[in-house]
Amino acid sequence: MKRKSVKRLMTLLVTASMLIGVVGCGSAGGSSGGGSTSDAQSETKEAVEETSQAAEAGNDVEASEEAPAAESDIKLGLTIYSTTDATAGPVVRNMQTACDGMGAELVIATDDQNLEKEITNIENLISNGCQAVFCLPYSDDSIPRIAKICEDAGVYFGFYWYDLSNEETHDVCYASEYFLGNIYEDDVWSAYTAMKTLNEAGASHIGMFGLPTGRTTTTKRDTGIAQACEEFGMEILVEDRVNTNTSDDAASSVESMVSAYPDLDGIVIAGMTQTCLPGVIQSLQNLGMTDKVKVSCIDFNENQTEYFEKNSVSGVIGGHFTGGAWLAVLAINKLQGTPLIEEAVSIKDEFLVLQSADDAKNYDAHLYDELPYTAEEYAQMSKKINEAFTYDDLLKIVGAYSIEDVMTRHGAQ
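Heads up: take any position in the sequence shown, counting from 1, add 44, and you land on our numbering.
Incorrect hints may appear among the rest.
Mimicking BS3-like on lysine-lysine, the simulated pairs with C-alpha atoms at most 27 Å apart in a straight line are [unchecked claim]:
#1 LYS240 - LYS427
#2 LYS392 - LYS192
#3 LYS440 - LYS427
#4 LYS428 - LYS354
#5 LYS378 - LYS336
#6 LYS354 - LYS119
#7 LYS428 - LYS192
#8 LYS405 - LYS119
#9 LYS336 - LYS392
#10 LYS405 - LYS336
#11 LYS378 - LYS354
#12 LYS392 - LYS354
#13 LYS378 - LYS405
#14 LYS405 - LYS392
#15 LYS336 - LYS119
Per label pair, the in silico range of CB-to-CB distance [said to hold, decoys possible]:
#16 SER303 - ASN430: 27 to 37 Å
#17 MET333 - GLU387: 50 to 60 Å
#18 ASP293 - SER446: 25 to 35 Å
#19 ASP117 - GLY277: 11 to 21 Å
#20 TYR218 - LYS354: 27 to 37 Å
#21 ARG285 - GLU353: 28 to 38 Å
#22 SER400 - GLU195: 41 to 51 Å
#23 ALA245 - PRO188: 22 to 32 Å
#24 GLU386 - ARG285: 21 to 31 Å
#25 LYS354 - ASN289: 44 to 54 Å
Derived from the structure by calculation, the hints contain no laboratory data.
Backbone N, C-alpha and C fix where the C-beta goes; we use that ideal spot for every residue, glycine too.
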């Protein structure tokens, strides 16, 4: 059997088992997640059926000889807004693969971007025996509360997609012996780059879909947008920080923007592209304004390759899916008694920038259909398996993350 086929089938099996875990965890955590239980069960059934069909066709499903023996004495918990869209799904898949390679169990709960659900999930994950839990705090104010829950339980914790630049929350976390660290992205840069892309496409009068206020990520992306406006002489005509969670709401918002501002010639989506971009594109198509109004956005969407092929988008920034996996690497090494580093750390994750259909197709083939790091590669990030691995080695891997890096490592170019 070809190695690529083995990897594909192994991925299907991981996905199937992961979705089963999501359904169970949603029940335990009191949260049904980004999709319904029936949706998750349906996806699980499809994955299992596809795997069975491949096996019946003569393709034996076998674990790679390079994969280490799995261990189940380490359990990590992840709470995330969804598990199925083009941004959250890869976070889960990458983190699951890291756990598979390094020898740990991953328990997943969904929170629908609801702070109280997130807190409940953390408590339930701890009750379920998780020795480390990870989340994206939905407000700076929630961090002391999360830290106390984990400290009282003696459970390690860390944050993905979160920049601890707020001095008060930073101090709360770094004062805790259970804080492992935070993985963050350069959100000023991402928003600036999205606006620069619009400028290069000829847009200057912009409608903005922004993240809710009260988050460090929001503040930084707003800063990047403001910097670009000042540098390139662009203007934000209208903001929408509400209608980003569904395609229909975003479509209605675009109609209102165009009606109120006839000179609008660009739209920037500063987050939640995974849910609102289809509505934005559909609305512009219905209005016959795809050529006039350029679109650039942050976060990936499952339809982005098609949109690039139709010249419906000018650029998409995202692919920051590995943060959960890096937290898993830190946690598993710590729990295996071979920490990569003793103190808590703050690690900058890298964005990917797509500006053409070819970029999008390469992403699809090498970082979505496949994964940027295999279970075997993650296994080598465990000091229990690879004694020579160091924290500096991890930082080099994180810093090199790109489409080109993945294609080179996996022999695709």
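How the hints compare with the structure:
1. LYS240 - LYS427: 42 Å, violated
2. LYS392 - LYS192: It holds: about 25 Å lies between the C-alpha atoms, which stays within 27 Å.
3. LYS440 - LYS427: Measuring from Cα to Cα gives roughly 16 Å; hence the hint holds.
4. LYS428 - LYS354: 49 Å, violated
5. LYS378 - LYS336: 53 Å, violated
6. LYS354 - LYS119: 44 Å, violated
7. LYS428 - LYS192: Cα-Cα ~30 Å, so violated.
8. LYS405 - LYS119: 35 Å, violated
9. LYS336 - LYS392: Violated - the C-alpha atoms of LYS392 and LYS336 are around 36 Å apart, more than 27 Å.
10. LYS405 - LYS336: OK: LYS405 and LYS336 at ~25 Å, within 27 Å.
11. LYS378 - LYS354: At roughly 47 Å apart (the allowed maximum being 27 Å), LYS354 and LYS378 break the hint.
12. LYS392 - LYS354: Roughly 33 Å between the alpha carbons, so the hint for LYS392 and LYS354 is violated.
13. LYS378 - LYS405: Violated, at about 37 Å.
14. LYS405 - LYS392: 26 Å, holds
15. LYS336 - LYS119: 51 Å, violated
16. SER303 - ASN430: 27 to 37 Å: 59 Å, violated
17. MET333 - GLU387: 50 to 60 Å: This hint holds: roughly 52 Å between Cβ atoms.
18. ASP293 - SER446: 25 to 35 Å: Cβ of ASP293 to Cβ of SER446: about 34 Å, so the range 25 to 35 Å holds.
19. ASP117 - GLY277: 11 to 21 Å: 59 Å Cβ-Cβ, so the 11 to 21 Å window is violated.
20. TYR218 - LYS354: 27 to 37 Å: 47 Å, violated
21. ARG285 - GLU353: 28 to 38 Å: 30 Å, holds
22. SER400 - GLU195: 41 to 51 Å: 48 Å, holds
23. ALA245 - PRO188: 22 to 32 Å: 43 Å, violated
24. GLU386 - ARG285: 21 to 31 Å: 40 Å, violated
25. LYS354 - ASN289: 44 to 54 Å: 24 Å, violated
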